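One letter stands for each residue in the lines below.
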Amino acid sequence: MIEITIYGRGGRGGVTLAKLIAAAYFLRGKYVQAFGRYGAERAGAPVQAFVRVDDEEITEHYPVREPDYVIVLDAGLIAAEAAEGMDPGGFIVLNSPLPPDAFESVFPGRNVATTDATAIAVSNRLGTKALPIVNTALLGAAGEILGLSLADVEAALAHLGLGEPNLKAARTAYGSVRQARLPGIIAPVAPGRPPARTASIFDEDIGGPPKVHTGSWASRLPASASLTPLCSDACPAGNDVRGFVQALVQRDYEAALKTILLTSPFPGTCGRVCPAPCMQACARGDYDDAVNNRELERYVADRAPWPEPTRPTRRERLAVIGSGPAGLSAAYQLARLGYPVTVFEAGDELGGLLRTGIPAYRLPRKVIDREIAFILAHGVEVRCGQRVTRSRLVEMRREYDGVIVATGLQEQRTMDLGAGDHRVLQALDFLDLSRSRPPDLREQRVVIAGGGNTAIDAARVALRLGAQDALVLYRRTRAEMPAIAEEIEEALAEGVRIEQLAAPLRLEGDGEESALICRRMTLGKPDKSGRPRPVPVDGDDGLAEFRCDTVLLALGEAPDGRLLPAGAVLDEEELLPGAEDAPACTAGDLVTPEGTVAAAIGGGRRAAWRLHAALGGVETPSSPAPLIDASALTFRDVPRVAMAKGRLRPARSRAASFLEVRQGLRDRRGRQTAYEEAQRCFSCGACTGCGDCVVYCPEGILTHVGDTECTVDEDYCKGCGLCAAQCPRSALAMLPT
Amino acid sequence: MTRAVVTGNQAAGHALVAAGEANRAARGCGGGGYPITPQTEIIENVMAARFSKGNFTAVESEHSAMAVCIGTSLAGARSFTASSSNGLLYMTENVFAAGLARLPIVMAVANRTVGPPWNIWADHGDSLALRDAPWLQLYCDSHQDLVDTILLAFRVAEDPRVLLPVMVTEDGFLLSHTSMVVDLPPQDLVDAYLPPLDLALRMRADHPRTYGQIMSPRETQRHREEIQAAMERVPEVLEEAGAEFAHVFGRRPRGAFEAEHTADADTVLIAAGTTVSTLRRVVEERRSAGEKIGFVQLKLFRPFLRDELAQAIGAARRVAVLDRDHSSGSGGIMWNEIATSLRERPDVLLQGYIVGLGGGEVDPPLIDLVLDDFAGRERSQAPIFFPRLVT
Chain A
1 MIEITIYGRG GRGGVTLAKL IAAAYFLRGK YVQAFGRYGA ERAGAPVQAF VRVDDEEITE
61 HYPVREPDYV IVLDAGLIAA EAAEGMDPGG FIVLNSPLPP DAFESVFPGR NVATTDATAI
121 AVSNRLGTKA LPIVNTALLG AAGEILGLSL ADVEAALAHL GLGEPNLKAA RTAYGSVRQA
181 RLPGIIAPVA PGRPPARTAS IFDEDIGGPP KVHTGSWASR LPASASLTPL CSDACPAGND
241 VRGFVQALVQ RDYEAALKTI LLTSPFPGTC GRVCPAPCMQ ACARGDYDDA VNNRELERYV
301 ADRAPWPEPT RPTRRERLAV IGSGPAGLSA AYQLARLGYP VTVFEAGDEL GGLLRTGIPA
361 YRLPRKVIDR EIAFILAHGV EVRCGQRVTR SRLVEMRREY DGVIVATGLQ EQRTMDLGAG
421 DHRVLQALDF LDLSRSRPPD LREQRVVIAG GGNTAIDAAR VALRLGAQDA LVLYRRTRAE
481 MPAIAEEIEE ALAEGVRIEQ LAAPLRLEGD GEESALICRR MTLGKPDKSG RPRPVPVDGD
541 DGLAEFRCDT VLLALGEAPD GRLLPAGAVL DEEELLPGAE DAPACTAGDL VTPEGTVAAA
601 IGGGRRAAWR LHAALGGVET PSSPAPLIDA SALTFRDVPR VAMAKGRLRP ARSRAASFLE
661 VRQGLRDRRG RQTAYEEAQR CFSCGACTGC GDCVVYCPEG ILTHVGDTEC TVDEDYCKGC
721 GLCAAQCPRS ALAMLPT
Chain B
1 MTRAVVTGNQ AAGHALVAAG EANRAARGCG GGGYPITPQT EIIENVMAAR FSKGNFTAVE
61 SEHSAMAVCI GTSLAGARSF TASSSNGLLY MTENVFAAGL ARLPIVMAVA NRTVGPPWNI
121 WADHGDSLAL RDAPWLQLYC DSHQDLVDTI LLAFRVAEDP RVLLPVMVTE DGFLLSHTSM
181 VVDLPPQDLV DAYLPPLDLA LRMRADHPRT YGQIMSPRET QRHREEIQAA MERVPEVLEE
241 AGAEFAHVFG RRPRGAFEAE HTADADTVLI AAGTTVSTLR RVVEERRSAG EKIGFVQLKL
301 FRPFLRDELA QAIGAARRVA VLDRDHSSGS GGIMWNEIAT SLRERPDVLL QGYIVGLGGG
361 EVDPPLIDLV LDDFAGRERS QAPIFFPRLV T
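Chains as they are written, first to last, in my numbering: chain A, 1 to 737; chain B, 1 to 391.
The shape of chain B in the complex, shown without the other chains (with noise of 0.2 Å):
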C-alpha cells in the first residue's frame, strides 16, 4: 500500500486509473469524460493516465460521456466515468441504457445538490434521483471507504451473476475537496483482485449480432425480471467480494450496512455518507454517558435490502432516519425505503429528518438537536427538516 495524503477524487481517480489498467491483458478500459463540479477532478485524473491499454474520451456532455462508455463496454472494455448533480440528470437516458444493455460500467458520483438556484454542495438528491435505474448505489463515508467500494463496485458488477453497472458516490466537497490520509493500493494487488474482463455479450465481428432491438411486452417482463434477479444477488456477490478483497488487500471493506452498538441499543440512526462519521462520535459520546443508542450506515442502496436492514436494527424500537435528500412531496428517499422495511416493526417508532441539505453542516450540535427533538417524541410526524430556520 502506498499511503498518501490526497483529496476524495485524487482518491476515487487513483481506484478507477488502477481498475483501468488491470484490465490492460484483456480488452482494455475507456469511457467518456466531461466535467462538472465537484467530480471534475476525478475524470482530470483519468483523462491524464497513461493506461497500456485504453483510451478515455473528452466529450460535449455527460450524456455522451455514458453513450462513450456504453459502446466501449460493449466491445469489451472495462469501462467508467464520474459526474455530479445536474451532469448526472442530464445523462439519465443513457444511465439507464446502460443499465438495461447489462453492462458492468462502475461510475463515481460526487454528490451534489440538485439547481438551479445554484448550490455546488453535498447533498444526496442526485444519485438517489436515479434510484429506479437498473444500477447499484453505494454510498461511501471516508477516503479508504471510497478507494475499497470503487474497486469492490468492478468485482461485483462484472460477476457474471450481476453483470449490472454499480454507482459508487462520495460527498460533495466534504470529500471529494478535502485531504486526508489514505492507503492506495498498488498495481499488483489491483491486477490481482480484478481479473480480466470477459464480457459474455461483447459485440464481436465474427459473430454479428443486434444489441437494444425491438423488444415484445413479454420480453421486456422477463428482462426486468432478470434484472430483478440479478439484483437480489447481489447480497451473496458482495459478500464474497468483500472476502476476496480483504484476501487480497488485508482489510475488509465495508458491507451492505454497518451497524455498530446496535444489539442493545433502545435507539437507532440510520444514515448514509459522511453524516455517518459524525453519527459515530455523537454515539460514542452519548453511549459513555451511558445511553443506549447505536447507529447503521446505509452503505448499499441499490438494492435496498429490506430483510437485511429490519434485522440490522436489532430490538431498538425507536429509529430515527438521517436523510441527506429530500424526494418533494413525499420527504426523505431513505426513510420511504426504510419505512417499508419496517412494515412488520409496528413497534418502532420510525422518525425521518432531512439535514445537510445543499451542504449544510452535519456536526455533532446538530446531530444533538436532532436526538433531542427525537426524545420528545411519542409518534411519529412527516419528515423533518434540520436545522429549523427562521422563516
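Okay, chain A solo, but in the shape it has when bound (with noise of 0.2 Å):
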C-alpha cells in the first residue's frame, strides 16, 4: 500500500490534489482512497489529506499516520513534524521556490523534491480571484516523484474534467522537480507527549477569544485595489469618470466638477457633444444600460460651482497657437502649472471647430464662451487674427520659451463631381457660414455626402435654413455611420432622411433638372478599422440618382503640417526639431487625428506635460492604477434599472429654431433624475463602503473606516481571500505579506 499525506489550507485545493492522484492510480487499475481531515477553522486553516492506494480493497477509515510521501502545499507549513511516522525511504514533495538543500535544517537525512507550484499557478492564472491554487501544479510534481507518467498525471486531470490550464501547470511542474537526499540523520521520533488536558465547556476560558493567531497562517492579505476601471480607460480626455459620477452620488457637486477639471477644462461641452467612449466601454452596458456618463457630466457643468482660477506663478512664457480644444486644453494645464500662458489663433474667434463647425442647438455659444472664459481667467491671454506661418513658428521658438502647437485639422477632403461645382460646398464651411451669414435654402434639395457627426450636422442645419429636403448619403449603412447614434435619431426625428450603400459620382443637370449621380455600394470584408468595406455595384444597376440643388461635402479632414519645421515627425512622444530654439511639441488632431472633442483635450494635455518636462519640471501626471479585469465584476443583487435619458426638446418644435435640443437631465422632480443616475455607476475597482466584505468575512476581522476605506486585523486574518473574492466590484486584491 501506499500513504500519502497531503498538508495544506483549507480551501485551497488539498483534497482535490488527494483526489487527483487517487484518480491517476485508479486509472492504472488500483484500489484507492482520498479524504481530507476537516477543521472548524475552515478556509485557510492548516488542513491534511490523505490518499491509500492498494491491489486489494481498502478498509482504513482513519487518517494516515506512517506516510510513503508527504506533499506541502503552502510554505507556511514546512515544518518538521510533516515527516513524522514518514518511512526513511519516503519522500517529501515542497511548494517552494527555493532548491531542497535549503531545507537542511528542517529535513535532515530525507529525500526532499522543490517545485515552484505558486509561481506556475500565477503565471497559468490558476486559482480564485482572490488566490492561486497550486494544486495542479504539485500534482505535476508528485506525479514524477511517484513515478507516474506524464500521461497517467493528464488522464487525472481529465478524470476530474480539468483541462488547460491545469493541464499546463502540472506539465510545467513535472519536468522541473528539484531533487536530493539531504545530508544529515533523521531524527528519533520524540517520545509522546503525555496525552492534554481536554477542556470542559465550564472551564472559565472556553468561549472567550480565539487563541490561535490565525495570521499566522495568511501568506497574503486584503488591501484596497483601485484599479482603473472601463470607462476612464476610454475616455480619450483622460477623464476620471467613475470619480465624478461617485462624487455625484455622494451629492457633492462641487467635487465632482473639481474632477473632471483636474484633466478637461470642458465639461459641459463634453457633456453635449462627446460621442462617449466611455459609455460604450461602461460595465453595465451588458447588464442592463450603461451609466449615462455623458449627460451627467453636463449636469455637473451646468449645475456645480465652478471653483476660482489659479494664477500664473512662473517666469518661463509659453505660446500655443490655435485654438481649438487641444489648443485651449494645453493652455489650460500649462496655466495650472503656473505658467503664463498666450494663444494664437488665426481667426476672430476663440474655440476652432467648437465655434465653428458644433450649431448651437447641439453646442449653445454661452457654454463654449464660459468654459473659454474660465480657460482664460487663469491668466490666459489670447492674439486673434495671427496666422503662423513656418517662419513666424521659428520667431515664436525665440520669442517665447516653449511652443505647442495644436492647428488641428486643416484641410478638408474633397471630390470632384464635375460640372455644377459652384453647387457644391464643403459642410463645414456651410456650417461656419450659417452662424454669421445664413444662406437661404428655402425651397432647396440639399444632398450632405459622409457619415460623421459634420454630415448629421450639416442636413440638420440645413433643414433649419429651409431646406425642403436634407438627404445624406453614406457609403456604408447606418450601422457604420461614425456619427452619435442619438444624433442619427434626433436627425430622423427632424426629417433628415439617410440613403445607405450609395456613393456621388457626379452632378448632372441643372436647375430643375439638377441631379446628383451616385454608385451604388454593397458591404464587403472589414477593413483596417473594423467595418466592412465599401465595394461599389458595377454596371447600369449600379447608378442611382438623386434630386439635388446643393451638395455639402462631410468627408473628413486631414492635418495641415505646413508651419512645422523641416524634418518634424508627427508624434506625440518627439519635441519639435530645433536643440538651439525653445522647445515645442504638437498636440491635438493635428498629430492624433481623432476628430474628437475629448482626443483633442487628451492631446493638449499630454502636450502641456510634455513641454512642462522639456521645461525641467519636476511635477508628473499621476500615472493611472491598472485596469479592471471587467470578468471579475459580479453584478448579483443589483436592480435592473434602465438608464436615464437626457430630455428633448419636441420634434416639431425644434424644426426651425436653433435653441439646444438636448435638456438635460431632470433636476430634483420626477424618477430619472441626475442623482439617480449616478447611483447607477457600480464604481469598478473602487471602494464603496457597500460592506459585503465585512459581511463575508468569516472571522470578523474586517471593518470599516469610513465610508469607503476597510482595515483588517492581520493577527487574526488568515488570509482566506473571501472578502476579495466576492468584493462585487474588484475593489479589494489579496497581496503577497
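Hints in this document: simulated from the structure, not taken from any laboratory.
On a predicted model such as this, the values are computed, not experimentally measured, just so you know.
Don't take every hint at face value.
Unchecked claim - The following label-pair restraints were derived from C-beta to C-beta distances:
| id | chain 1 | residue 1 | chain 2 | residue 2 | range |
| --- | --- | --- | --- | --- | --- |
| 1 | A | 87 | B | 289 | 22 to 28 Å |
| 2 | A | 87 | B | 1 | 34 to 40 Å |
| 3 | B | 26 | A | 87 | 36 to 42 Å |
Stated by the list, open to error - Just a sample of chain A residues kept apart from chain B, beta carbon distances all over 12 Å, derived:
| id | residue |
| --- | --- |
| 4 | 412 |
| 5 | 503 |
| 6 | 506 |
| 7 | 638 |
| 8 | 649 |
| 9 | 655 |
| 10 | 667 |
| 11 | 701 |
Every residue gets a Cβ at the ideal spot worked out from N, C-alpha and C, and that includes glycine.
Since each chain sits alone in its own frame, please combine them into the complex, following the hints.
Here it is in C-alpha cells:
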C-alpha cells in the first residue's frame, strides 16, 4: 500500500490534489482512497488530506499515520512535524522556489523535492479571483516523484474534468522538480507527550477570544485594489469618469466638477457633444444599460459651482498656436502649472471647430463662452487674427520659452463632381457660414455626402435654414456611421433622410433637372478599421440618381503640417526639431487625428505635461492604476434599471430653431434624476463602502473606516480571500504578505 | 456496473437518482431537499439530476423537505431525501408523520453528532434519536454497502408487507467525504430491480379520501399494531429483497447482521458503521495470533431483531458493544438493545463501550485499548467511554 499525506490550507485544493492522485492510480486499476481532515477553522486553516493506494480493497477509515510520501502545498506549513512517522525511503514534495538543500535543517536525512508551484499557478492564472491554487502544479511534481507518467497525470486531470490551464501547470511542474537526499540523520521519533487535558464547557476560558493567531497562516492579505475602471480607461480626455460620478452619488457637486477639471476644462462641451466612449465601455452596458456619463458630465458643468481659477506663478512665457479644444486644453493645463500662456488664433474668435463646426442647437454659444472664459481667467492671454507661418513659428520659439502647435485638421477632403461645382460646398464651411450669414435654402434640396457628425449637423442645419429636403448619402450602412447614434435619431426625427450604400459620382443637369448621380455600394470584408469595406456595384444597376440643388461634402479632414519645421515627425512623444530654440511640440488632431473634442483635450493635456518636462518641471501627471478585469465584476443583487435619458425639445418645435435640442437630466422631481442615474454607477474598481467584505469575512476581523476604506486585523486574518473574491467591484486584492 | 471513484455522498446520490428514475413509467419521483453538512452533496446530486419524470423542490428547512416527501409520496411518486444531525432533529415531526402514514420514503442520512456546541463529524446519535419513529434503520460500513443498501431499501419499503419508510446511514466524512472505488449499477439493472411503484393508498382525484384524520384510541392501537406487524415482517422481506438483488446485480448485499468468526469465538465485538471495518482488521490480526475472537456488524437497527442477534453471537461468553452514540443517563443505545436481546443469556458478560463520539478516530490502536480493558474484566459495569480523557 502507498500512503500519502498532503498538508494544505482549507479551501485551497488539498483534497482535490488527493482526489487527482487517487484518480491517476484508479485509472491504472488500483484500489484508492482520498479524503480530507476537515478542521473547524474553515478556509485558510492548516488541513490535511490523505491518499491510500493498494492492490486490494481499502478498509481503513482513519488518517494516514506513517506516510510514504508527504506533499506540502504552502510554504508556511513546511515544518519538521510533516515528516513524523514517515518511512526513511519516503519523499517529501514541497511547494517552494528554493532548492531542496535549503531544507537541510528541517528535514535532515530525508528525500526532498521542490517545485515553485505558486509561480506556476500565477503564470497560468490558476486560482480564484483572490488566491492562486497550486494543486494541479503539485500534481505534476508529485506525479514525477511517485513514478507516474505524464500521461497518468494528464489522464487524472481529465478524469476530474480539468483541462487547460491546469494541464499546462502540471506539465510545467512535471519536468522541473528538483530533488535531493539531504545530508544528516533522521531525527528519532520524539517520545509521545502525555495526553493534554481536554477542555470542559465549564472552563473559565471556554468561549473567550480565539487563542490561535490565525494571522500567521496568511500568505496573502487583503488590500484596497483601486483599479482603473473601463470608463476612465476609455475616456480620450483622460477624465476620472468613475471619480466624478461617485462624487455625484455623495451629492458633492463641487468635488465632481473639480474632478473633471483636473483633466478637462470643457465639461459642459463634452457633456453635450462627446461620443462618450466611456459609455460604450461601461461594464453595466451588458447588464442593463451603460451609465449616462455624458449627461451627468453636462449636469455637473451646468449645476456645480465653478472653482476660483489659479494665477500664473512662473516666469517662463509660453505660446500655444491654435485655439481649438487641443490648444485651449494645453493652455489650460500649462496655466494650472503656473505658466503665463498666450494663445494665437488665426480667426476672430477662440474655440476652433467647437464654435465653427458644431451648430448651436447642439452646443450653445454660452457654454463655449463660459468654458473659454474660465480658461482665460487662469491668466491666459489671447492674440486673434494671427495666422502663424513656418517662419513665424521659428521667431516664436525665440520670443517664448516654449511653444505648443495645435492647429488641428485644416485640410478638408474633397471630390470632383464634374460640372456645376458652384453647387458644391464643404459642409464645415457651410456650418461656419450658417452662424454669420446663413444662406437661404428655402425650396432647396440638399444632399450631404458623409456619415460623421459633420454630415448629420449639416443636414439638420440645412433643414433649419428652410431646405425642403436634406438627404445624407453614406457609403456604408447606418450601423457603420461614425456619427453619434442619438444625433442620427434626432436628425431622423427632424426629417433628415439617410440613403445608405451610396457614393456620389457626378452632378448632372441644371436647375430643376439638377441631380447627383451615385454609385450603389454593397458591404464587403472588414477593412483596417474593422468596419465592412464598401464595394461598388458595377453596371447600370449600380447607378442611382438623386435630385439636388446643393451638395455638401462632409468627407473628413486631414492635418496640415506646413508650418512645422523640416524634419518634424508627427508623433506625440517627440519634440519638434530645433534643439537650440525653445522646446516645442504638437498637440491634438494635428498629431493624433481622432476628430473628437475629447481626444483633442487629452492630446492638449499630454502636450502640456511634455512641454513642462522639457522645461525641467519636476511634477508629473499621476499615472493610472492597473486596468480592471471586467470578468471579475459581479452584478448579483443589483437591480436592473434602465439608463436615464436626457430630455429632448420636441421635434416639431426644433424644426427651424437653433435653441438647444437636449435639455439634460432632471434635477429634482421625477424618477430619472441625475442623482439617481449617478447611483447606477457600479464604481468598478473602487470601494463604495458597501460592506459586503465585512459581512463575508468569516473571522469578523474586517472593519470599515469611514465610508470607503476597510481595515483588517492582521493577527487574525488567515488570508482566506473570501472578502476579495466576493467584492462585487474588484476593489479588494489579496497581496503577498 | 460502472466502476468509479466517488465520495460516499456521490454514491448515495447516484443510487437515489437511479431509484427515482426507475419509477419513470409510473408516477415518477419527487421530494424536498435542504442542505446540511455532511449530507449536502447528496441532495445536490439529487437536485441536479434530470429525471425523465420527477421534480425535486428546494425548500427552506428540513421540516418542509420531509413535508414535500410526504406529499409526493402520497401522490404516488417514489420519494426520497437526505439529512444529518440537527437538520434531522428539526425534521422529526414529519419523520414520524411519514412513518405513521405508511409511506415508503427512503432517506439517506450522513451521520453527524448533534450540537451545540458544534461539531460536524460522525456519530450515530442523530439517527438513533429517531429510533422510536416508524422507520427502518440500516447502518452502512462502506461505499458499496451504501449504494446497495439504498436500492435494497426501496424494494423493502415499497413491499406491500412493509410499507414503511427507511433511513440508510453513512458515517459523516468517514464515508460521506471520502473518495473510494465503488461499482455503480447501471440504470437498466436498477429498473429491473425496482418495479414501477403502485401505492394502494395513493391520493386519487377519482377517489377522494382524507389522510391523517382523527382516530379513536382503539383505532390508534390497531394502527400501531399494524406497524409492529409490518416491522416483524421485515426480516423475510429483507431476505427476499437481498436474494433478488443478488439475482439482478450479481452480488449479495449485507443482511440484517453480518457475523464473522463467531462460530468458535469466546469474545464477540458488536458495532455499526465504519467501526466495523476497523474491527475486521483487528479481529483478523488477533485470530492469526490465535485468539478466539469474532465480530457482528449491526446493520439493521430498526426493526431490532433480538433473537437473531442472540443467535449471531453463537456460544461466545464475552460480548463487547462499541456504540458510536450516547443515550444520556443510560449509555450506548445499541448496547441497551443488545442487553435486552441477551436477557436469556445470563452466562454472557456484556460490556458497553462508547467510542468515536463527534468524529473521534476509531482506529486499530483504539480497538486494542478497548480489548485490553475488556480482557481484564470479570463483571460488567456502566458503559465506558474510550479513549480515556485527561480531565
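Results for each hint:
no.: 1; hint: A:87 with B:289: 22 to 28 Å; verdict: holds (25 Å)
no.: 2; hint: A:87 with B:1: 34 to 40 Å; verdict: holds (35 Å)
no.: 3; hint: B:26 with A:87: 36 to 42 Å; verdict: violated (56 Å)
no.: 4; hint: 412; verdict: holds (65 Å)
no.: 5; hint: 503; verdict: holds (56 Å)
no.: 6; hint: 506; verdict: holds (67 Å)
no.: 7; hint: 638; verdict: holds (23 Å)
no.: 8; hint: 649; verdict: holds (53 Å)
no.: 9; hint: 655; verdict: holds (59 Å)
no.: 10; hint: 667; verdict: holds (45 Å)
no.: 11; hint: 701; verdict: holds (20 Å)
Consistency note: the structure conflicts with earlier hint 3 alone.
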